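Generate coordinates for the entire structure from the input sequences, incorporating the hints supplied.
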Amino acid sequence: MQEIIIGSRDSELALTQTYYIIGELKSKFPEFNYTVKKIKTQGDKILDVALAKIGDKGLFVKEIENALLANEIDLAVHSMKDVPTRLPEGLVISAITKREDPRDCYIAKDGKTGLFESREGAVIGTSSLRRSAQILHHRPDLNIVPIRGNLNTRFRKLGEMELDGMILAYAGVYRMGWKDRITHLIDCQKCLPAVGQGALGIESRLGDENITRMVSVLNDKETNAAVTAERAMLRKLEGGCQVPIGAYGRMEGQELVLEGVVAGLDGKEQIRETIRGNMNDAAFLGESLASKLVSRGAAEILIQVRQEFDANG
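In the numbering used here, the protein residues as written are 1 to 313.
Keep in mind that the hints were calculated from the coordinates and are not lab data. Predicted model, so just to flag it, every value in this text is computed and none were measured.
Here are the simulated DSBU-like pairs of lysine-lysine, each with C-alpha atoms no more than 35 Å apart in a straight line:
#, residue 1, residue 2
1, Lys236, Lys62
2, Lys190, Lys236
3, Lys98, Lys112
4, Lys157, Lys112
5, Lys236, Lys40
6, Lys37, Lys62
Pairwise CB distance ranges, derived in the manner of DEER restraints:
#, residue 1, residue 2, range
7, Ala283, Gln254, 11 to 21 Å
8, Gly114, Pro146, 16 to 26 Å
9, Asn33, Gly114, 45 to 55 Å
10, Ala283, Arg213, 22 to 32 Å
11, Asn33, Ala311, 50 to 60 Å
12, Asn33, Ile182, 28 to 38 Å
13, Ala283, Gly114, 30 to 40 Å
14, Asp310, Asn210, 45 to 55 Å
15, Ile182, Leu69, 30 to 40 Å
16, Gly297, Lys37, 41 to 51 Å
17, Leu87, Glu252, 20 to 30 Å
18, Leu185, Lys37, 33 to 43 Å
19, Asn219, Asp187, 20 to 30 Å
Note that the Cβ used here is the ideal one computed from N, Cα and C, for glycine as well.
Here it is in C-alpha cells:
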C-alpha cells in the first residue's frame with residue numbers, strides 16, 4: 001500500500017484539522033496509507049513574545065514548507081490565515097476546503113458577560129493586532145493584553161491571568177469541540193476576521209500531479225474564490241498576518257462580496273470598504289479593494305503602524 005506523508009504542526013488543533021483532512025481523503029482514496037509527520041514551527045517555539053514583534057514571514061508554516069521542498073512530506077495541511085500570501089517557489093495551494101464560520105468569538109471568564117458589555121477598563125486577551133485595533137475602535141476603554149500559545153494554553157492562561165476574557169477564532173474553538181465555552185460570536189460589522197480565517201488549505205509541490213489531482217476533490221470553489229480575493233487584497237497592501245488588516249469574502253447569490261478593513265493600533269483610525277463582482281475575478285477584486293483602501297489612506301496607516309513597532313522595539 002502506497003504511503004502518503006502529511007505534514008502538520010504538532011498542536012492539538014492542527015492535528016485535529018489534519019486528521020479531518022485524512023478522513024476525507026481516506027473516504028475517497030482508501031487504497032493509500034496516510035501518515036502524519038509532526039513539525040514544530042518557529043511560531044510554536046517562541047511563546048513569550050508578541051507575534052508582531054517576531055515577524056510574519058511564515059511563522060507557522062516555514063518549517064513545514066521546507067519539509068515539502070525536501071520531499072520529506074507529500075502535502076501539508078494549514079490554517080489559511082497562517083499562510084503568507086507569497087508561497088515559496090515550487091509550492092502551490094492545491095485545495096481550500098469548505099470554510100467554517102470565519103468570525104472571532106469571545107470567551108468571558110465568568111462565562112456570561114459579552115465583550116461589548118464588559119466593565120469599563122476590562123482586561124481582554126488576544127494575540128492579534130487586527131482584533132485589538134477593531135475592538136478598541138468600539139471600546140477604547142478596554143485594556144487589550146497579549147496572550148500566546150495553542151488553544152489549550154490560552155484557556156489555561158484565561159484562568160491564571162487577571163483577564164476578564166479573551167478573543168479567539170471561532171473555527172478553532174469549534175473544531176476542538178469547545179463551542180459551549182463561547183460567550184458570544186463577534187459580528188463582522190464590528191470585527192472583520194483575518195484573511196483566510198476558518199478555511200483549511202492543502203499545500204503541495206508544483207508539478208506533483210498525483211497529489212494535486214487527489215486533493216483537488218476537497219476543494220470548495222466558493223471558499224477558494226473568497227480566500228483568493230482576501231489574500232490578493234492583503235498581498236497588494238503588503239501586509240503580513242500580524243498587522244491590523246481584516247477581510248471577509250463570501251458569496252451573495254451569484255456575486256462575490258469582499259469587505260476589507262485597515263486600522264491603526266489604537267483603533268481610532270479605521271478605513272473600511274466593500275467591493276462586489278464575479279467569483280472568477282477573485283484576485284482582481286481583492287487587488288481592486290486594496291486600491292480603494294489605499295485611496296482613502298490605508299498605506300499611511302500601515303506605515304504609521306510599522307513605525308510605532310520599530311519605535312517600541
